[in-house]
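Engineer: Chains as they are written, first to last, in numbering that gives the first Met the number 0: chain A, 0 to 277; chain B, 0 to 300; chain C, 0 to 253.
FYI, nobody ran anything at the bench for these hints, they're computed from the structure. There's no promise every hint is true.
Unchecked claim - Quick look at which bits of chain A chain C covers, simulated, 3 or more residues with Cβ under 8 Å: (1) 130-143; (2) 186-194; (3) 208-220.
Small disclaimer: the values here were computed from a predicted structure and weren't measured. All residues carry an ideal CB built from backbone N, CA and C; glycine is no exception.
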Amino acid sequence: MSESLLTVRNLSVTYPGRTGMTHALRNASFELGRERLGIVGESGSGKSTMGRAILGLIPRPGIVSADQLDFAGRSLLANTDRDWQSLRGRRISMIMQDPKYSLNPVKRIGDQIAETCRLHLGSTRKDAESRALAMLEAVQIRNPDTVFTLYPHQLSGGMGQRVMIAMMLVAEPDLLIADEPTSALDVTVQNEVLRILDRLVSERGMGLLFISHNLTVVSSFCDRVLIMYGGRILEQCAAADLARAQHPYTRALMAATPSLDHPKAELATLVRDPSWLE
Amino acid sequence: MSVSLTQWLMDDRPTSRRQAVLGNLYRGLRAIIANPAALTGLVIVSLLILVALFAPLLAQGISPIDQDLARRLSPPSADHLLGTDELGRDIYARTLYGARVTLTIVFLVSIIVAPIGLAVGTIAGYLGGWVDRILMRITDVFLAFPRLVLALAFAAALGPGIENAVIAISLTAWPPYARMARAETIAIARSDFIQVVVLQGASTFRILFRHIVPLCMSSVIVRLTLDMAGIILTAAGLGFLGLGAQPPTPEWGAMVSAGREVILDQWWVATIPGIAIFIVSLGFNLLGDGLRDVFDPKAER
Amino acid sequence: MAGMIEIEDLRVTFGHGSRAVHAVQGLTLSIAEGESFGIVGESGSGKSTVLKALSGLIPSESRQLTVNGLPAAERRSKADRRHLQFVFQDPYASLHPRQTVDEALREPLVIHGLDDRDRRISDALREVGLSPEHRFRYPHQLSGGQRQRVAIARALILRPPVLLLDEPTSALDVSVQAEILNLISRLKQANKLTIILVSHDLGVVAHLCQRIAIMQFGKLVEVVDRDDLRSGAVGQAYTSRLIEASRGFVRNAD
Chain A
0 MSESLLTVRN
10 LSVTYPGRTG
20 MTHALRNASF
30 ELGRERLGIV
40 GESGSGKSTM
50 GRAILGLIPR
60 PGIVSADQLD
70 FAGRSLLANT
80 DRDWQSLRGR
90 RISMIMQDPK
100 YSLNPVKRIG
110 DQIAETCRLH
120 LGSTRKDAES
130 RALAMLEAVQ
140 IRNPDTVFTL
150 YPHQLSGGMG
160 QRVMIAMMLV
170 AEPDLLIADE
180 PTSALDVTVQ
190 NEVLRILDRL
200 VSERGMGLLF
210 ISHNLTVVSS
220 FCDRVLIMYG
230 GRILEQCAAA
240 DLARAQHPYT
250 RALMAATPSL
260 DHPKAELATL
270 VRDPSWLE
Chain B
0 MSVSLTQWLM
10 DDRPTSRRQA
20 VLGNLYRGLR
30 AIIANPAALT
40 GLVIVSLLIL
50 VALFAPLLAQ
60 GISPIDQDLA
70 RRLSPPSADH
80 LLGTDELGRD
90 IYARTLYGAR
100 VTLTIVFLVS
110 IIVAPIGLAV
120 GTIAGYLGGW
130 VDRILMRITD
140 VFLAFPRLVL
150 ALAFAAALGP
160 GIENAVIAIS
170 LTAWPPYARM
180 ARAETIAIAR
190 SDFIQVVVLQ
200 GASTFRILFR
210 HIVPLCMSSV
220 IVRLTLDMAG
230 IILTAAGLGF
240 LGLGAQPPTP
250 EWGAMVSAGR
260 EVILDQWWVA
270 TIPGIAIFIV
280 SLGFNLLGDG
290 LRDVFDPKAE
300 R
Chain C
0 MAGMIEIEDL
10 RVTFGHGSRA
20 VHAVQGLTLS
30 IAEGESFGIV
40 GESGSGKSTV
50 LKALSGLIPS
60 ESRQLTVNGL
70 PAAERRSKAD
80 RRHLQFVFQD
90 PYASLHPRQT
100 VDEALREPLV
110 IHGLDDRDRR
120 ISDALREVGL
130 SPEHRFRYPH
140 QLSGGQRQRV
150 AIARALILRP
160 PVLLLDEPTS
170 ALDVSVQAEI
180 LNLISRLKQA
190 NKLTIILVSH
200 DLGVVAHLCQ
210 RIAIMQFGKL
220 VEVVDRDDLR
230 SGAVGQAYTS
240 RLIEASRGFV
250 RNAD
């Protein structure tokens with residue numbers, strides 16, 4: 000890890016509810032450099048909340064608190080709406096699980112990417128279009144000129160996710176938050192998309208926060224992994240060491256995953272220990 | 000309400016079918032009560048029912064149809080709380096008894112419009128094909144009938160009267176319900192839980208009436224409640240034209256009509272039933288909006 | 000001896016003329032009684048369509064399509080329906096939102112006129128690991144895993160010899176998936192079921208099934224044994240690609 004791009008210390012998100020406070024995220028602390036950091040967890044673990052909290056996207060009445068939340072040396076905690084606007088999409092981008100909901104259905108692909116370019120970089124129309132084309136090429140779309148003129152519904156799932164990546168990266172952000180970016184895709188397509196992300200991260204020196212429920216993908220793709228459970232980071236380790244993880248939850252998750260290479264007569268089931276949340 | 004009963008009703012682990020159903024109803028009721036507008040609507044509609052039930056008691060024995068020509072058009076006083084009309088009948092008593100007529104309208108419309116609309120809509124939506132095409136064309140035909148003309152025709156054929164007026168209104172009111180039920184059915188029929196009962200071997204009739212209709216019911220009830228204000232007003236309009244309730248039945252629309260001629264000098268004759276129509280219509284609208292929020296599946300989570 | 004399920008030259012086409020989509024194009028399979036058979040493929044491979052055709056939810060053409068010796072036509076008698084039941088992918092969509100667990104399990108018993116309903120319902124709940132306290136809950140009061148257990152209990156309450164499972168765990172968390180997979184394998188043993196499991200996840204299919212069909216673009220690529228799938232001793236390049244992809248991301252050396 001070279002310099003720290005994102006520093007998170009004791010980040011908590013709580014939602015007041017009828018039956019008291021719901022703790023979506025409890026005292027999460029980690030640092031992210033120009034690397035691929037994976038966040039793994041099951042539903043309700045707070046992994047998506049983490050991504051949203053970093054981008055200031057926690058809806059009311061959620062309460063965000065942290066001792067420190069620094070991006071590139073500046074605190075995000077006191078950001079105004081205007082500060083966020085200049086940051087989101089420009090220096091921090093986010094890719095969602097399903098491109099269908101993130102692309103405007105009545106605008107052509109090329110125009111959407113070019114618009115992002117003009118909005119964030121102030122490029123001229125011509126410049127923006129050539130950047131958009133170059134970006135489509137960079138995400139390995141074979142005939143960028145044709146795709147440029149298509150509408151979102153004319154794209155397949157894998158193609159749509161590539162377009163999303165192109166759109167999110169055209170402003171050359173320093174940090175990319177990807178929330179289950181490949182979960183809606185077929186396995187063979189999934190790996191192609193990962194390869195594109197991987198190349199862009201290493202070529203452009205971006206930081207990548209890769210949120211996923213899939214242990215196999217995270218352990219094979221990321222440099223480091225955070226394991227989350229019940230809003231808490233249980234464990235951090237190098238992705239390669241995941242097989243030797245310490246925490247019983249992580250080990251139980253590994254044992255519960257049916258694997259082609261390690262057949263088991265019966266899958267281990269998880270016994271949840273309340274002490275994990277203490 | 001005792002704490003334990005509330006707990007029993009709100010329990011997420013009901014131990015009997017009755018507790019599950021009652022708990023569900025209780026949660027709905029709580030949602031309505033939590034919504035001030037809906038609660039107002041519920042109170043107004045409940046009051047309407049109470050007034051209709053206890054009209055003789057509330058009128059303290061004063062008859063709504065006894066005439067007293069000597070005291071015609073007298074202003075509100077201790078004897079006649081809300082004054083008398085052009086035939087010397089007590090407006091307070093007539094307004095109270097008028098709630099019964101209004102409730103009759105509500106009841107008749109509900110038992111005609113909802114079943115026809117649901118049956119036509121769900122059958123057309125579920126079976127599709129030529130059944131759908133024929134049923135929907137019939138729906139179009141009924142949609143094209145002008146309401147008042149049909150009411151006139153009914154009055155001519157069957158004689159004027161509130162029941163005939165309501166039947167005429169209902170016959171032109173069900174097509175939107177059929178369209179709504181059809182659209183919902185098409186969406187529901189594709190869902191997995193309907194496929195499951197198909198695979199279990201359930202008959203079409205069973206699928207329609209045990210599995211699809213209950214799901215269309217909530218939007219029909221909401222729509223019916225919201226439409227009720229319009230129906231009451233239409234019925235009042237028919238009464239106003241003399242095609243609805245016949246004298247001496249105390250019907251609010253007809254009462255407004257009678258008071259029209261003296262509106263400048265004896266304002267209470269038309270105003271009191273007018274206010275009643277206004278309040279009841281408002282009540283149904285508020286309740287309808289509240290029910291829509293309660294039945295909203297997104298709020299269930 | 001004829002198998003429990005015989006499929007010969009199955010074809011499913013959606014739409015007409017130039018816009019027709021050939022979802023399944025000439026599939027032939029034979030599945031023995033008591034076998035666990037898996038079908039793997041990516042989206043658009045027609046794997047779920049095969050199950051729907053077999054259960055008669057969609058029209059299909061074939062030279063032969065039988066379940067337990069009976070023709071699996073789109074229209075079939077109520078009694079024939081008892082030979083085959085289905086578990087759907089999405090546990091949130093496969094339960095009627097306004098029916099309690101009790102009602103959902105009672106319905107098939109009422110349809111088939113079976114008696115002793117209360118005992119059958121409590122037995123079915125116990126069989127899938129649910130306690131009596133779940134019996135009168137509505138679906139929104141249950142977790143995803145509990146819903147899928149209810150769906151399995153409902154499918155098995157008619158004691159069908161054949162159970163079709165369409166991605167039964169893909170909407171669930173890994174830990175819940177493990178519980179459901181264990182449950183399926185236990186119930187299969189106990190009830191001597193013939194199952195067909197459709198999934199996009201090779202790990203899941205190989206865990207439960209002995210023989211696995213790989214499908215792509217509506218056609219059968221090959222049928223492989225689970226051990227061959229694990230060792231990579233497969234005949235077709237596409238199968239190898241699927242196996243490689245499912246092992247996770249491989250960073251190129253360049």
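Engineer: List in ascending order the numbers of the hints, as given earlier, that are violated by the structure.
Structural biologist: Violated hint: only 1; rest satisfied.
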